[in-house]
Amino acid sequence: MDPNYKIALLENIILMAAMLLGTLATAMLRQFIKAAIALAFTSVVLCILMFKLAAPWAAVFELSVCAGLITVVFISAVSLVRPATEEERAAHVRFKVRRYFLLPVVLLAVGCGLSYMPVRPLPLLATTELVTDMRALLWGPRALDLLGQILVLLAGVWGVVILFKEET
Amino acid sequence: MPSLLVILPLLAVLLLNLPLNFLRRLAQPAALLFAVYQALFALQVLPAGCTGCPTHERWFVNVLDPLTSVLLLAIAIVMFAAVCVLRATASDEKHGFNALNLMLLAVAGMNGLVMVRDLFSLYIFLEIASVSSFLLIAAQRDMGGLEGAFKYLVMSALATMMMLASIGLLLAYSGSTKFMVVAEALHAHGSHGYLLTAIGLFLGGLLIKSGVVPFHGWLPDAYAAAPAAASTLLAGIVTKCTGVYTLIRLVQDVFGPAVATQQLLLIFGALSVVVGALAALGQSDLKRLLAYSSISQVGYILLGLGVCGSANKFAAQLGVAGAVFHLFNHAIFKTLLFVNAAAVEKQTGTRDMNRLGGLAQKMPITGLTSLLAMFATAGVPPLAGFWSKLLIIAALWLAGLHGYAVLGIAASLLTLAYFLSMQRRVFFGLLRPEFAHVREAGWALTVPSLLLAAILVGVGLALPWLIGSFLLPVKGF
Chain Z
1 MDPNYKIALL ENIILMAAML LGTLATAMLR QFIKAAIALA FTSVVLCILM
51 FKLAAPWAAV FELSVCAGLI TVVFISAVSL VRPATEEERA AHVRFKVRRY
101 FLLPVVLLAV GCGLSYMPVR PLPLLATTEL VTDMRALLWG PRALDLLGQI
151 LVLLAGVWGV VILFKEET
Chain X
1 MPSLLVILPL LAVLLLNLPL NFLRRLAQPA ALLFAVYQAL FALQVLPAGC
51 TGCPTHERWF VNVLDPLTSV LLLAIAIVMF AAVCVLRATA SDEKHGFNAL
101 NLMLLAVAGM NGLVMVRDLF SLYIFLEIAS VSSFLLIAAQ RDMGGLEGAF
151 KYLVMSALAT MMMLASIGLL LAYSGSTKFM VVAEALHAHG SHGYLLTAIG
201 LFLGGLLIKS GVVPFHGWLP DAYAAAPAAA STLLAGIVTK CTGVYTLIRL
251 VQDVFGPAVA TQQLLLIFGA LSVVVGALAA LGQSDLKRLL AYSSISQVGY
301 ILLGLGVCGS ANKFAAQLGV AGAVFHLFNH AIFKTLLFVN AAAVEKQTGT
351 RDMNRLGGLA QKMPITGLTS LLAMFATAGV PPLAGFWSKL LIIAALWLAG
401 LHGYAVLGIA ASLLTLAYFL SMQRRVFFGL LRPEFAHVRE AGWALTVPSL
451 LLAAILVGVG LALPWLIGSF LLPVKGF
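In the order they appear, the protein sequences are chains Z and X. Per our numbering, the very first residue in the first sequence carries number 1; after that it's consecutive. Per our numbering, the very first residue in the second sequence carries number 1; after that it's consecutive.
Incorrect hints may have been included.
[Stated by the list, open to error] The calculated lysine-lysine pairs, modelled on DSS-like cross-linking and capped at a C-alpha distance of 30 Å, are:
(1) X:Lys-151 / X:Lys-362
(2) Z:Lys-34 / X:Lys-313
(3) Z:Lys-34 / Z:Lys-52
(4) Z:Lys-52 / X:Lys-151
(5) X:Lys-151 / X:Lys-94
(6) X:Lys-362 / X:Lys-346
Simulated from the structure, these hints should not be mistaken for lab results. Treat the numbers as computed from the prediction; the structure is a model and nothing was measured.
Generate coordinates for the entire structure from the input sequences, incorporating the hints supplied.
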């Protein structure tokens with residue numbers, strides 16, 4: 001195997017493992033601020049992966065939309081909760097251990113199983129044409145999706161206005 | 001022009017939020033006007049019964065087939081009713097205005113969803129409708145609403161993840177996300193393991209979005225906890241569009257009637273019909289009963305669609321026609337029942353059926369229209385629900401799926417049982433003394449009730465015309 005390919009593969013595996021850890025931390029951390037930082041970390045790692053997989057525009061969108069908007073919404077959620085009592089914290093730790101202890105083991109087993117599974121390669125019928133000009137991509141084949149994304153963002157903004165305005 | 005159905009709600013949201021007070025007062029009339037425009041647009045293209053009417057525009061080309069037109073009409077009718085309910089039940093002007101903005105965004109999402117012919121665009125419009133719905137459920141920020149929205153959000157995120165993974169696999173294989181290209185590619189190598197996984201993932205995601213058994217956990221909480229107008233929109237059309245319509249469209253245009261798909265739809269359909277009806281029998285909260293009833297009725301739609309792979313081509317066509325017809329009918333009678341639930345809750349302050357009784361004396365319009373909706377849901381002739389169930393059961397029988405046909409008939413009796421129980425506990429019997437002062441709800445709730453009841457009767461009586469003009473032209477297999 002080409003040594004450069006080996007290094008690239010290793011980098012991708014490390015990045016994917018880091019992303020997995022980031023998502024687990026987002027779901028498991030008790031403090032919202034820490035969970036939001038873990039979410040931002042996940043977004044950054046995903047962004048790097050996208051750059052490496054030759055999808056620079058998707059990476060830019062990931063970084064700007066996810067690391068920006070979602071993190072803001074996440075932090076805003078702090079205003080909706082009260083601090084947990086000692087008893088609730090202890091119960092939460094017990095719950096977390098029960099629920100999440102096996103998750104990494106299961107994921108690892110599934111990953112190993114899939115990598116050793118004898119599969120026929122997917123017969124690709126066509127290759128996706130790589131559009132390198134951002135303007136052509138957005139205002140050409142995906143213009144309708146752009147309109148859709150504006151609507152999603154608008155709904156997100158309304159969500160922040162409705163759910164958090166009075167508390168912040 | 002189809003694009004206007006997406007652009008106008010977006011423009012309305014932007015304009016209504018300009019810092020001019022008089023624009024806020026125009027918000028509800030503008031939304032009602034838009035619903036009327038959309039209904040007229042759908043009715044204009046519906047009688048032609050054309051599959052793929054030519055439309056000369058850039059975004060939505062040749063999209064106005066009968067299935068899309070029926071859905072556009074249903075969206076318009078339900079939106080009209082939901083805006084009326086909002087007018088009658090909004091706690092204050094600010095909450096009403098916020099909810100109206102979200103409803104407009106949800107409608108733009110649903111309109112786009114039923115008109116696109118591209119998997120990724122479909123996903124984006126599906127997300128618009130879903131995100132707006134989460135916020136509509138949580139808009140009042142009470143614990144029930146937040147819990148319902150959170151459950152819906154979590155299940156929806158799971159469905160989204162499955163659908164995106166599927167789109168990725170299909171894009172890698174076919175080089176495009178357009179329905180036609182993906183369908184051709186699947187036709188060429190559809191039996192490959194990766195592609196079967198992709199189809200399974202997408203169908204799984206859509207079954208979660210449809211709220212069928214066993215993925216239904218979020219649905220009763222979301223419907224019951226949402227404010228009245230939001231639950232009317234959500235139960236009336238949102239889950240139908242984001243789940244059931246998309247399922248019909250993709251099975252019809254992209255995935256095709258494979259045997260595995262057929263079996264999947266029949267099994268989940270049968271489970272939903274029975275479990276939904278049995279669970280509805282045990283409810284005391286009016287909106288939760290209606291939510292479980294929705295699960296059961298969506299099961300019928302899946303049973304109709306499950307005939308799609310039958311060797312008997314007429315049965316397959318009849319099954320899909322029945323599924324689409326029941327989808328439309330369900331949107332109408334479920335909206336009517338939720339409008340009436342809103343009226344009962346507004347006038348009495350409770351949804352607990354054990355605390356209600358005899359309201360038909362004080363609320364005759366609500367009582368009568370509720371009775372009509374109940375008969376339509378249970379499949380009593382000549383109301384619309386009878387014909388759609390008949391089409392589905394006839395298709396199942398013709399396809400040789402006798403067990404499923406008998407199950408459908410038996411579950412109709414269960415439907416009648418839980419609705420009779422509801423009617424008895426809420427509208428019949430002796431009036432409780434504490435409700436002696438109760439009066440009929442205002443016009444904002446009675447007008448949509450009467451309109452929806454008229455549609456149920458009218459569609460039932462007009463079946464001979466509807467069968468030929470738009471039901472059977474819904475593409476068979």
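Here is how each hint holds up against the structure:
Simply put, Lys-151 (chain X) and Lys-362 (chain X) have alpha-carbon atoms about 37 Å apart, too far for the 30 Å limit, and the pair is violated. Taken as a hint, the Lys-34 (chain Z) and Lys-313 (chain X) pair is broken in the structure, with Cα atoms around 58 Å apart against an allowance of 30 Å. Only pairs whose Cα atoms come within 30 Å are accepted, and Lys-34 (chain Z) paired with Lys-52 (chain Z) is accepted, the gap being roughly 27 Å. A threshold of 30 Å between alpha carbons decides the hint, and for Lys-52 (chain Z) with Lys-151 (chain X) the separation of about 35 Å lies outside it, so the pair is violated.
Between the alpha carbons of Lys-151 (chain X) and Lys-94 (chain X) the distance comes to roughly 26 Å, so the proposed pair stays at or under 30 Å and holds. With a C-alpha separation of about 13 Å, the suggested pair Lys-362 (chain X) and Lys-346 (chain X) falls inside the 30 Å cut-off, and the hint holds.
Checked against the numbered hints listed earlier, the structure breaks hints 1, 2, 4; every other hint is satisfied.
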